[in-house]
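*Asks:* What follows is the residue order along each chain.
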Amino acid sequence: MKPNVQSSRAGWLSPGNIARWVAIGFALLWSLAPIYWMLSTSFKTELEAARLDPTLWPEAPTIANYSGLMGTSLPFVSFFVNTVMSCLLTAIVCVVIATPAAYALSRARFRLAGTVGYAILSFRMLPMVVVLAPLYLLLLNAKLLDSGTGLVVGFTTFGLPFAVWMLKSFVDAVPIEVEEAARVDGYPRWQILLKVVVPLIMPGILTTGTFVFMEAWNNLIYPLTFITTIEKQTLPAALVLTFTGQFKTDWGGMMAAATITTLPLMIAFFAVQRSMVRGLTSGAVAGA
Amino acid sequence: MAAETTTTEVRVRSRARHEPWLDRMVLPTLVVMAVVVGYPIVYTIALSVQNYNLLDFRPAAYVGAANYTKLAGDPIFWGSLTNTAVYTFGSVGVSALLGLALALLMENLGGARFRAIRALLLTPWAVPFVVVAFLFRYMYLQNGGVINAVLLSTGIIDAPIPWLNSSTLALPAVMVANIWAMAPFFFLLLSAALSAIPNEVIESARVDRAGTWGMIWHIKLPFLRNPLLISSLLMVISNFNDFAKIWAMTQGGPGYSTSTLVVYVYRLAFERFEFGYASAVGVIWLIMLMVLAWIYMRVLRMESR
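Chains B and H, in that order, are what the protein sequence lines are.
Anchor point for the first sequence: position 274 equals 274 in the UniProt record's numbering, and the numbering is continuous, going up by one each time.
Anchor point for the second sequence: position 53 equals 53 in the UniProt record's numbering, and the numbering is continuous, going up by one each time.
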């Protein structure tokens, strides 16, 4: 790959420009070929998906793999609903709890501010597997094991610290003068937060919520350990668990299930992709 | 982190003596974190000095540092530690380079067409980890996997390669899947950082007749250094914790050849139910991550200065 950044001036057919387009072409191929392969396989019959000489395009395209998911052998619809519900709830809970904390860490002065900020950030870096066993026992005692609520509690361990730091960077970007008028009028801080700051950082709140949603959607270790009833399982864990039975050889069905698992995440991702750059750069790169 | 708003700073300093210890608004977060993270950490540390196996049906017994000495002589632990380092630094390094190359390639390309290309290049990032794992597992199949099929038909190899079933190839194969999924993150962040370089800097370098490579090396890379460092650290931390991809692709096998620390702890705790021993591994790991977190904070503070 030889990027030639200035060659855009030199016309379309300059060697630098051609090299650049070839490189971009390779990058597109590298990024999209696996996704194409997933889609293409999901429309193949079980026999064709297992062929030794794979076909690029399904010879006899079929939606049997998708309609099969709606069938009786697996509660696929419940998996889908479970995942959406638990991830959505996690995103809402995290954002609601994190917003006042982010506001306080950004604006208020208190002696433990630095310590609290550092503690929250280091919790973010905590390996989930370390808290797995104690969390398991905690949920067991609270009778939350094998429930969606228990999952939300688990997802909070990484969602909440992330949300605090991300939201803090959005509050930091709001000029303090905006709040002055409300402050002069003697409004309490809660009202300033709710009526002035929250509307201003709404895009940030949505971006943060989407990020938490995506991370929860990606999580495998908590549902795998906390959920024991298959009907209550999330999509990622269900894919892993059913692979030992249902999908063992049925790659077409597997890829259809994988496509369904990917779609909501992709929609969420592209919905916030633009503010994501801002969120990431201010939150992770320029931030602190 | 306090320096953004100088007006508050001035006002606050004069009041420093009356500063409260804590602000009520952080309480909900702190309470939740104390329950779901704080308590489990303390519990893990306590477990790590006990002999506690769920299958024993014996009460946990205090064993002092026994778990830790056992750990020091456990080849699987050391192997997992090595795998974690190779997996993490290898994947992050290559992804960062790929992302950087892409960001430089796509720089200055505006318009709807290029926005579409940019979005397409980002799509792997929106694929769930478990799906990445199964997708690559399917493509890596020894018989009927598309990767072997392509390599065979182009004559690069004579016989299908058992990518995920070979103890030497499995780890690199998993890393390729990981790199595929992670490179867009670097591409996105570095593109943003590139567009933040002031135009005057680029213009004056152009007036000085800087060539493409000179421009990249002397002008752009210095600007990208900090974003690159910070995003790499973030990804190092998240890769240390990566479970889904490895578990869904190889379950740590064949043997323990793709076992990272997460996978090893998971196997110890939830397959062998050795909670005490697993906790000791967890504590060691906790210490390593605290060091990383400390470095990260140092870098962030350097950045904000």
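In short, the hints are calculated from the structure, not lab data.
It cannot be assumed that every hint is accurate.
[As the list claims (entries may be wrong)] Residues of chain B placed beyond 12 Å of chain H at every Cβ, according to the derived structure:
| hint | residue |
| --- | --- |
| 1 | T157 |
| 2 | K195 |
| 3 | M202 |
[Unchecked claim] Here are some of the chain H residues that sit facing chain B, going by a computed Cβ distance under 10 Å:
| hint | residue |
| --- | --- |
| 4 | L71 |
| 5 | D74 |
| 6 | I76 |
| 7 | I157 |
| 8 | S166 |
| 9 | T168 |
| 10 | L169 |
| 11 | A183 |
| 12 | W294 |
Cβ atoms here follow ideal geometry from the backbone N, Cα and C, with glycine treated the same way.
*Asks:* Run every hint past the structure and note whether it holds.
*Replies:* To see whether the hints hold, each was checked on the structure:
A Cβ of chain H approaches the Cβ of T157 of chain B within 12 Å, the least distance being about 5 Å, so the stated non-interface status is violated. No beta-carbon of chain H comes within 12 Å of the beta-carbon of K195 of chain B; the shortest separation is about 15 Å. Even its closest Cβ contact with chain H, about 19 Å, leaves M202 of chain B beyond 12 Å, as expected for a residue assigned away from the interface. For L71 of chain H, the shortest C-beta to C-beta distance to chain B is roughly 14 Å, which exceeds 10 Å, and the interface hint is violated.
Among the interface hints, the one on D74 of chain H is violated; its C-beta lies about 17 Å from the nearest C-beta in chain B, farther than the 10 Å criterion. The interface hint given for I76 of chain H is broken, as the beta carbon of that residue sits about 15 Å from the closest beta carbon of chain B, more than 10 Å. Interface hint status for I157 of chain H: violated, as the beta-carbon distance to the closest one in chain B is roughly 15 Å, over 10 Å. Interface hint at S166 of chain H: violated, since its Cβ lies 19 Å from the closest Cβ of chain B, which is beyond the 10 Å cut-off.
Against a cut-off of 10 Å between C-beta atoms, the interface hint on T168 of chain H is violated, since the closest Cβ of chain B lies about 23 Å away. Interface hint status for L169 of chain H: violated, as the beta-carbon distance to the closest one in chain B is roughly 18 Å, over 10 Å. Interface restraint check: A183 of chain H against chain B, minimum CB-CB distance 8 Å, threshold 10 Å, status holds. Taking 10 Å as the C-beta cut-off, the interface hint given for W294 of chain H holds, the closest approach to chain B being about 9 Å.
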